[in-house]
Amino acid sequence: MDVLGFYPMWYVPTIGSGLTIALIASIHVMASHTSVGASILLAYLATKAYKENQPQIYNYIKKYLLGLLVFSYVSGSISGPGIWFSATVVNPRGISALIHNFVWVWAAEWIWFVAEVTLVYILFYTLGRIDQRSWLRLAWTFAIGSWATMYIIVGILSFMLSPGHEKWFETGNILDAFYNKNYFPHLLERTSFMFAIAGTVGIAIASLMRKEINEKTYKDIVKTLSYWGIGGTVFGLMFFAWYVSTLPQRSDIILNNVIPIYLKLPIMVIILLVLANFLWTAIRPTAARFWMAYPIYILIFFAGIYPEEKIRETLRKPYVAGEFIWVNQIVSRDVPAKGIKSEVPIINEKGLLTVNPFVPEGLKKITPENEIMAGKAVAVLQCSGCHNVTGSTGLRPFGQKFAGMTDPNAVYNFLVSYMRENHPPYMPKLTGTDQEIKALSAYIAYMISKGGSVSAKIEVPKSSAEAIRR
Amino acid sequence: MREIVRWFLLAVLPFTLVGGKLALAADPGSMLKAMADPAGAPFFPVVMQVLQVLTWALHMVFVYTSIGGLFIAIYGFIKGGERWHRLSKATIELSKVSVSLAIVLGVAPLLFYQVIYDPLWYTSANLSAWWYVLFIVFLLIGYYFIWGAYFMKEKPSLSLFMSVVGIVLLLLVGFIIHVVNYQALFPEKWVSWYTSNGTTMNISGWNIYAFNIFRYLAFLVFPSISVSGVFLMLYNWYFRNREDMDRDYLDWAGRVGAKFALYAGIGWLLFHILYILTIPQDWNAKTSIFTWLSVLGLVLCAGVILAAQKDPAKMAIPSLLAGGVAILLIAVFREYLRIASTARFGYSIYNYKMNLEFLSPLLFFGTLLTGIILYAYAWWMAYRAGKTPKGKVYEASEMEHHLGDASVFIVVLWAVVFIGVGLIVIVRNYG
Ligand code: HEM
Chain A
3 MDVLGFYPMW YVPTIGSGLT IALIASIHVM ASHTSVGASI LLAYLATKAY
53 KENQPQIYNY IKKYLLGLLV FSYVSGSISG PGIWFSATVV NPRGISALIH
103 NFVWVWAAEW IWFVAEVTLV YILFYTLGRI DQRSWLRLAW TFAIGSWATM
153 YIIVGILSFM LSPGHEKWFE TGNILDAFYN KNYFPHLLER TSFMFAIAGT
203 VGIAIASLMR KEINEKTYKD IVKTLSYWGI GGTVFGLMFF AWYVSTLPQR
253 SDIILNNVIP IYLKLPIMVI ILLVLANFLW TAIRPTAARF WMAYPIYILI
303 FFAGIYPEEK IRETLRKPYV AGEFIWVNQI VSRDVPAKGI KSEVPIINEK
353 GLLTVNPFVP EGLKKITPEN EIMAGKAVAV LQCSGCHNVT GSTGLRPFGQ
403 KFAGMTDPNA VYNFLVSYMR ENHPPYMPKL TGTDQEIKAL SAYIAYMISK
453 GGSVSAKIEV PKSSAEAIRR
Chain B
2 MREIVRWFLL AVLPFTLVGG KLALAADPGS MLKAMADPAG APFFPVVMQV
52 LQVLTWALHM VFVYTSIGGL FIAIYGFIKG GERWHRLSKA TIELSKVSVS
102 LAIVLGVAPL LFYQVIYDPL WYTSANLSAW WYVLFIVFLL IGYYFIWGAY
152 FMKEKPSLSL FMSVVGIVLL LLVGFIIHVV NYQALFPEKW VSWYTSNGTT
202 MNISGWNIYA FNIFRYLAFL VFPSISVSGV FLMLYNWYFR NREDMDRDYL
252 DWAGRVGAKF ALYAGIGWLL FHILYILTIP QDWNAKTSIF TWLSVLGLVL
302 CAGVILAAQK DPAKMAIPSL LAGGVAILLI AVFREYLRIA STARFGYSIY
352 NYKMNLEFLS PLLFFGTLLT GIILYAYAWW MAYRAGKTPK GKVYEASEME
402 HHLGDASVFI VVLWAVVFIG VGLIVIVRNY G
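Going down the list, the sequences are from chains A and B. With the first letter of the first sequence counted as 1, position 18 gets the number 20 in my numbering; the numbers rise by one all the way through. With the first letter of the second sequence counted as 1, position 328 gets the number 329 in my numbering; the numbers rise by one all the way through.
Any given hint could be a false lead.
As the list claims (entries may be wrong) - Derived pair list, reagent style DSS-like, types lysine-lysine, alpha-carbon separation capped at 27 Å:
{"hint": "1", "chain 1": "A", "residue 1": "367", "chain 2": "A", "residue 2": "459"}
{"hint": "2", "chain 1": "B", "residue 1": "391", "chain 2": "A", "residue 2": "65"}
{"hint": "3", "chain 1": "B", "residue 1": "90", "chain 2": "B", "residue 2": "354"}
{"hint": "4", "chain 1": "B", "residue 1": "190", "chain 2": "B", "residue 2": "90"}
{"hint": "5", "chain 1": "A", "residue 1": "367", "chain 2": "A", "residue 2": "352"}
{"hint": "6", "chain 1": "A", "residue 1": "65", "chain 2": "B", "residue 2": "90"}
{"hint": "7", "chain 1": "B", "residue 1": "190", "chain 2": "A", "residue 2": "50"}
{"hint": "8", "chain 1": "B", "residue 1": "34", "chain 2": "A", "residue 2": "352"}
{"hint": "9", "chain 1": "B", "residue 1": "260", "chain 2": "A", "residue 2": "352"}
{"hint": "10", "chain 1": "B", "residue 1": "34", "chain 2": "A", "residue 2": "65"}
{"hint": "11", "chain 1": "B", "residue 1": "354", "chain 2": "A", "residue 2": "343"}
{"hint": "12", "chain 1": "B", "residue 1": "190", "chain 2": "A", "residue 2": "352"}
{"hint": "13", "chain 1": "A", "residue 1": "403", "chain 2": "A", "residue 2": "431"}
{"hint": "14", "chain 1": "B", "residue 1": "391", "chain 2": "A", "residue 2": "53"}
{"hint": "15", "chain 1": "A", "residue 1": "343", "chain 2": "B", "residue 2": "393"}
{"hint": "16", "chain 1": "A", "residue 1": "65", "chain 2": "A", "residue 2": "213"}
{"hint": "17", "chain 1": "B", "residue 1": "90", "chain 2": "A", "residue 2": "367"}
{"hint": "18", "chain 1": "A", "residue 1": "169", "chain 2": "A", "residue 2": "319"}
{"hint": "19", "chain 1": "B", "residue 1": "388", "chain 2": "A", "residue 2": "65"}
{"hint": "20", "chain 1": "B", "residue 1": "393", "chain 2": "A", "residue 2": "53"}
{"hint": "21", "chain 1": "A", "residue 1": "266", "chain 2": "A", "residue 2": "213"}
{"hint": "22", "chain 1": "A", "residue 1": "64", "chain 2": "B", "residue 2": "311"}
{"hint": "23", "chain 1": "B", "residue 1": "34", "chain 2": "A", "residue 2": "367"}
{"hint": "24", "chain 1": "A", "residue 1": "403", "chain 2": "A", "residue 2": "312"}
None of these hints come from the bench; they were simulated from the model.
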């Protein structure tokens with residue numbers, strides 16, 4: 003019996019399981035960029051406090067640290083593993099491929115992650131209780147250690163989009179995989195924008211303390227944050243342009259043709275808003291207001307980070323990792339260096355339903371009784387990573403994409419010509435036996451004829467199940 | 002080992018054939034083999050395994066103090082009175098910091114687990130996909146309740162309420178990860194679970210297929226209370242000599258801790274043995290040396306804690322060590338169970354395909370070294386600061402300043418090397 007290493011499929015009707023990744027990842031990006039940015043800003047401010055003998059800056063640092071602990075660290079340290087948890091159930095083989103290539107790199111990141119979390123507590127509890135020089139050292143190790151988590155993870159993220167170079171498939175060399183074409187622009191872009199994010203919330207925190215701190219120190223703090231923020235935004239934009247220029251060709255096509263404007267526009271607007279706020283507080287530090295800075299910070303999440311995460315996820319399509327695993331978990335090409343073989347030929351020969359161990363026996367052999375259900379299983383296994391395959395609302399719904407196509411033969415002809423022989427760059431090639439494609443067509447025509455929406459339940463017809471038992 | 006594997010294969014395969022409906026499904030052996038990632042492991046599996054076991058033990062220590070800290074806080078709030086309130090405040094603080102550490106320390110075993118036992122982990126998680134995602138959601142909400150309890154600690158009734166919600170959510174989180182770990186041990190049942198015996202595909206991700214209440218109690222609930230009791234003994238020991246602290250209170254807290262450690266420790270031992278009794282016969286695990294070593298560890302630990310009842314502060318460190326040994330032996334036993342279960346199907350991590358590679362392990366061990374220097378310095382300074390009475394500033398010694406400079410230097414050096422290597426590779430590949 004031929005089996006391929008597929009895992010039990012998880013299907014979330016309408017919204018799609020991938021949304022869980024996007025949501026958790028957005029929370030994580032927000033929290034982690036705030037804390038990494040803040041760690042450097044705070045170390046810089048602490049140096050200033052020490053050198054210029056401005057002890058009140060420490061009051062500010064203490065408050066910011068508490069805010070970081072409660073908001074960024076709690077949500078950041080949980081949502082970080084959270085991305086991984088959600089990816090495990092949405093794209094098990096994708097995350098597995100990454101882990102099997104990068105486990106040590108991730109483990110190295112983990113060392114910094116532990117350092118980051120323990121140091122933020124230690125910094126908070128020892129502020130004012132150990133001498134300034136010692137504290138300052140801890141603050142700088144914290145800052146650089148925090149940034150280390152970023153410069154490590156960015157390599158893996160970039161590889162997910164693309165190994166950048168054909169070479170890796172032949173050498174399998176971890177350095178070629180990690181330091182890919184995308185790495186530096188990506189790292190620099192994030193490193194820049196993180197100062198804008200941490201600066202925005204930093205100004206919000208400062209503005210709450212205007213009455214507690216003497217005016218000179220207050221202005222100093224706000225100005226420092228504003229300058230870093232302006233720098234972060236401007237450099238961030240520059241590096242973003244560089245980043246886009248290193249995208250693989252398919253991602254370019256997706257960015258220009260598939261990504262809707264309602265995702266792109268808010269990002270530009272929020273960047274300008276953040277910049278305007280910094281310019282304003284750089285000129286008039288006393289004009290900083292919580293009710294301005296904080297809502298902007300929150301807006302960064304909704305208008306900046308969430309769309310950015312959605313876009314980044316889409317640019318990667320049709321792959322989930324390293325341009326060799328598709329969103330539907332099928333290994334789509336050979337990686338000679340690792341001894342990885344494309345699974346497409348065997349699936350085309352034996353059938354997707356046959357090689358997946360978690361498909362019930364009663365659906366593996368397609369008959370007139372089970373055809374619709376087998377087709378639904380194919381749709382769930384092969385298309386549901388990017389489509390709502392049982393309805394006409396939500397994520398690129400089949401109900402809309404196939405609207406009007408109630409004739410199985412028409413669907414079949416469309417699928418074969420459009421998705422198998424000449425598939426678009428954002429979708430995987432349609433795989434499986436001819437019979438399976440017919441079943442898929444039958445299912446799609448059926449669901450359209452039912453008004454574009456059917457139950458997500460897959461039921462093995464009694465007759466097929468019993469045929470197997472006998 | 003080979004022999005055992007072969008023997009089991011012979012014994013088990015006929016069984017699945019007789020099982021009827023399982024007969025035509027892929028046999029678990031070839032399924033496990035197919036699921037192991039084709040990329041292979043980048044390093045010797047045994048190294049991953051050892052790291053997994055060690056880091057899991059560390060993870061659990063802080064899981065225990067997260068939950069146990071809340072338990073004692075709740076107990077104290079209900080008891081009422083000044084001393085108990087004070088203790089509750091301290092254990093909420095313990096819980097709050099511990100959750101952070103439990104989370105970061107959970108990442109490491111998760112990494113190593115997924116390299117060598119990917120078929121088990123991914124399948125089990127995907128069988129209960131929604132729960133696996135909710136793990137994160139419950140943990141996040143639970144942790145915020147714990148922070149809430151901490152901020153409200155001067156208002157006992159509110160803080161009590163938040164602690165209760167916090168502990169319930171953490172216990173739920175523990176339940177989910179327990180289910181994932183437990184389902185993973187039954188490869189022969191996965192397909193029939195997922196397909197409800199061949200009649201459907203449970204794609205909704207809402208199903209939970211197996212759990213074991215004894216394992217849950219023995220691996221999570223009782224040790225939480227017991228280990229947190231030991232932490233109270235340590236609390237007594239650490240603050241005892243600080244002149245601004247109330248010694249009577251501390252000694253009392255130490256005694257309370259020793260009692261919790263003992264009583265819960267007995268429950269721990271009892272449910273551990275009950276769990277062992279539920280392990281399926283065909284794993285041949287009940288008579289294994291690893292199984293009984295874990296029991297022995299618990300017995301020894303209980304002995305030390307019994308001896309500690311008289312002077313908890315003095316026996317705090319020995320109790321910690323005994324507890325540590327017991328947890329390590331349990332970690333080994335848990336891993337042994339995975340080996341015993343998967344050996345039935347001829348799966349062995351020692352045969353995991355390898356694509357051996359030395360650069361990234363070098364990166365890891367180098368980082369580990371850097372990290373150890375950094376941790377040593379940071380923890381040491383924290384230890385010193387904690388020993389300094391409130392209102393005073395600790396002045397570092399010459400030696401400590403040097404260590405501090407060294408740790409900044411090495412962290413910067415590491416960043417420079419990392420980025421430098423990147424520049425070289427990029428220039429070579431794309432220049
Ligand atoms: C604070 C909340 C947590 C609790 C209460 C908790 C509890 C537990 C329990 C009870 C087990 C043993 C389960 C069994 O064998 O039946 C366990 C194992 C494990 N936990 Fe946690 N955990 C928590 C957080 C985390 C997090 C955040 C992660 C990952 C980032 C994690 C990763 C793991 C892993 C990988 C194992 C299995 C390790 C192995 O078998 O080697 N845990 N946890």
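For each hint, the structure was consulted:
This hinted pair checks out: residue 367 (chain A) and residue 459 (chain A) have alpha carbons roughly 19 Å apart, not beyond 27 Å. For a cut-off of 27 Å, the pair hint linking residue 391 (chain B) to residue 65 (chain A) stands: about 19 Å separates their Cα positions. A C-alpha spacing of about 51 Å is found between residue 90 (chain B) and residue 354 (chain B), which places the hinted pair above 27 Å, so the restraint is violated. The hinted pair formed by residue 190 (chain B) and residue 90 (chain B) fails the criterion: a straight-line CA distance of about 46 Å is larger than 27 Å.
Distance hint between residue 367 (chain A) and residue 352 (chain A) is fulfilled; the C-alpha atoms sit about 11 Å from each other, no more than 27 Å. The straight-line distance between the Cα atoms of residue 65 (chain A) and residue 90 (chain B) is roughly 21 Å, inside the 27 Å bound, and the hint therefore holds. A hinted pair counts as satisfied when its Cα atoms are at most 27 Å apart, and residue 190 (chain B) with residue 50 (chain A) does not qualify at roughly 63 Å. The straight-line distance between the Cα atoms of residue 34 (chain B) and residue 352 (chain A) is roughly 19 Å, inside the 27 Å bound, and the hint therefore holds.
Proximity of residue 260 (chain B) to residue 352 (chain A) is assessed by CA-CA distance (about 64 Å); at most 27 Å being required, the pair is judged violated. As the CA atoms of residue 34 (chain B) and residue 65 (chain A) are separated by approximately 53 Å, the hinted pair breaks the 27 Å bound. This hinted pair checks out: residue 354 (chain B) and residue 343 (chain A) have alpha carbons roughly 14 Å apart, not beyond 27 Å. The hinted pair formed by residue 190 (chain B) and residue 352 (chain A) meets the criterion: a straight-line CA distance of about 25 Å does not exceed 27 Å.
Between residue 403 (chain A) and residue 431 (chain A) the alpha-carbon distance is near 17 Å, which keeps this suggested pair within the 27 Å criterion. This hinted pair checks out: residue 391 (chain B) and residue 53 (chain A) have alpha carbons roughly 26 Å apart, not beyond 27 Å. For a cut-off of 27 Å, the pair hint linking residue 343 (chain A) to residue 393 (chain B) is broken: about 65 Å separates their Cα positions. For the given pair, residue 65 (chain A) sits about 14 Å from residue 213 (chain A) by alpha-carbon distance, which is consistent with the 27 Å threshold.
Taking the CA atoms of residue 90 (chain B) and residue 367 (chain A), the gap is about 64 Å. The hint is violated against a cut of 27 Å. For the hint pairing residue 169 (chain A) with residue 319 (chain A), the CA-to-CA distance comes to about 21 Å; that is within 27 Å, so the pair holds. At most 27 Å may separate the alpha-carbon atoms for a hinted pair to count; residue 388 (chain B) and residue 65 (chain A) meet this at roughly 24 Å. Note on residue 393 (chain B) and residue 53 (chain A): the hinted pairing holds, with a Cα-Cα distance of about 22 Å set against a maximum of 27 Å.
Our distance criterion of 27 Å between C-alpha atoms is broken by residue 266 (chain A) and residue 213 (chain A), whose separation comes to about 40 Å. Between residue 64 (chain A) and residue 311 (chain B), the direct Cα distance comes to roughly 41 Å. Violation of the 27 Å bound is thereby established for this hinted pair. Between residue 34 (chain B) and residue 367 (chain A), the direct Cα distance comes to roughly 24 Å. Compliance with the 27 Å bound is thereby established for this hinted pair. Distance hint between residue 403 (chain A) and residue 312 (chain A) is fulfilled; the C-alpha atoms sit about 20 Å from each other, no more than 27 Å.
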